[in-house]
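K.L.:
I would like the entire structure built from these sequences, with the hints used as guidance.
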Amino acid sequence: MIEISGVSKAYGEAVVVDDVSVTLPRGGIVSIIGPNGAGKSTLLSMIARLIPMSTGSIVVDGLDITKTPSNELAQRLSILRQDNHLAARLTVHDLVSFGRFPYSKGRLTPEDIRLINEAIAHLDLQPFAHRFLDELSGGQRQRAFVAMVLCQGTDFVLFDEPLNNLDVRHATGMMKILKHAAEDLGRTVVVVLHDINYASAYSDRIIAMKDGKIHQQGTPEEIIRADILEDIYCTAFEIHEIGGKRIVTYYQ
Amino acid sequence: MAHTELSATPSSLAAPKPARRPARAIAILSIVALIAIGCFMLIGASANWAFILPFRAGKLWALILVGYCVAVSTVLFQTVTANRILTPSIMGFDALYILIQTIIVFFFSSQALSGADPRLQFLLEVATMAAFAGVLFQWLFMSGNRSLHLLVLVGIVCGVFFRSLAGLMQRMLDPNEFLVLQDTFFASFNSTDRTLLGVSTVIVIAASLVGLKMMPYFDVLTLGRPAAVSLGVPYKATVATILVIVAVLVSVSTALVGPITFFGLLVVSLAHAIAGESKHRYILPISILLGVICLVGGQTILERLFAFNTALSIIIEFVGGIVFIFLVLRGSMR
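Protein chains in written order, with my numbering: chain A, 1 to 252; chain B, 253 to 586.
Just so you know, the hints here were simulated from the structure itself, not pulled from any lab data. Just so it is clear, the structure is predicted and the values come from calculations on it, not from any experiment. A hint or two may mislead.
Derived pair list, reagent style BS3-like, types lysine-lysine, alpha-carbon separation capped at 30 Å [to be verified]: (1) A:Lys105 with A:Lys67; (2) B:Lys531 with A:Lys105; (3) A:Lys67 with B:Lys465; (4) B:Lys488 with A:Lys67.
P.N.:
In structure tokens:
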């Protein structure tokens, strides 16, 4: 369980996240949606202790993230950000191995190696396991990073806009991977999404943010409604029910 | 999982395991380094062995120490900054060291210092340098993502600032004191400062031992700050310690031979090209060996074969500068 209470982030005068309090329960996929500048990624980065909070506290499984040793948190919570530019030249296998770093500090045990190979297999990366990342396509590279994060074996996995720059096929593939992580591996997936339809189709829970605050939260049925979305995005929405999922259009 | 990659080519399916290429490179480079050292010690040493060998051994040890310091400091600096273009010298580390030297002479006068043990003065300079560089560069690199071009610019501005400040103070010095100081500033592999060899060795070993304890973190740090934090690296403490180690190593090499801007970049870029991958257990030894080979081998060729004496630093800077421009151009194209 991640308990966020009274969390704010301000850069000088500009308040990016404004007194957010929310509890993320264990299990399922939680999507965070909202317009640009709503503070979604900032909130996610604060949960992952990548940027410090201005005020408030975040507690992961009873551990205050500002007081717990980084290594202990790394066994409970991992994050994948959108910009994964690497200065290092690594193979897929090397990268995924880093996922075991919180446990083995670079000395891999047979158990670590088993988990690494499992993660590589889960993401269909075996053919590329010993290729260098700079020799792969964007979609393959993205999967390698996801494999690393899943290999970290944390209960909570945070993804910051994982669908950026992916085509339809890879985006759907990515969402299926997240679903697999949540349902089959029992992870709690928290994901920042721009595509409302993916959020609607895959989430167990949606948090809608606007102007640094949490505007609404609930199940997709509760959030994917024309009045709420129009409020958040200031754009006209039409909601369609297709195959039991709510699909939105906003092109006119 | 319906997410198979259809575009897998046959050659990628038979992807070779990364060969023992780095290991072989280390073996070959070790042999080359030994040959270079042998040549340096023995060529032309026909007469008076008792004098020549100890004389050359001192010089050789200085060259090895400098090669080691420059290589390790550059690799570690690039590791904590997660980039492949910036080096401590480009960011003005050695200019900072010269400024500190100048300030100490300026305020304490060389008389007071020449009375004191030069080794003590050196320790004082190294400590000041470590403290300053630690604070300054932590501030620069810890506060989030900055663009590489901005950092290069900041480095150049810092370097010019430190150099001009040092220059200003040098102009205000007593001419005699200036002369004493100026002696230490020119990059020269001939007039290495022998008095500092012993204390330098001790400092380098101490810094290396601290670094060795952090070895497991090095590879993770190359993934960049977000990934390193997410993987449980105590980021602030680790980066601060590494930057202090870098500052100490740069101080030692600058004190021994003076500033050499592009040598580190040259050596480490070559090491990456040779190793083909970025693991520190390969990159560090390859860089060190290359550093030693370039300095010892280069000095041997220039001194013994061409009877030149001061040109090595010029050649290194020339080649290194070209590599730097090439890297910046390639980086901006990506």
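K.L.:
Confirm or reject each hint.
P.N.:
These are the hints, each one checked on the structure:
{"no.": "1", "hint": "A:Lys105 with A:Lys67", "in the structure": "holds, 21 Å"}
{"no.": "2", "hint": "B:Lys531 with A:Lys105", "in the structure": "holds, 14 Å"}
{"no.": "3", "hint": "A:Lys67 with B:Lys465", "in the structure": "holds, 24 Å"}
{"no.": "4", "hint": "B:Lys488 with A:Lys67", "in the structure": "holds, 14 Å"}
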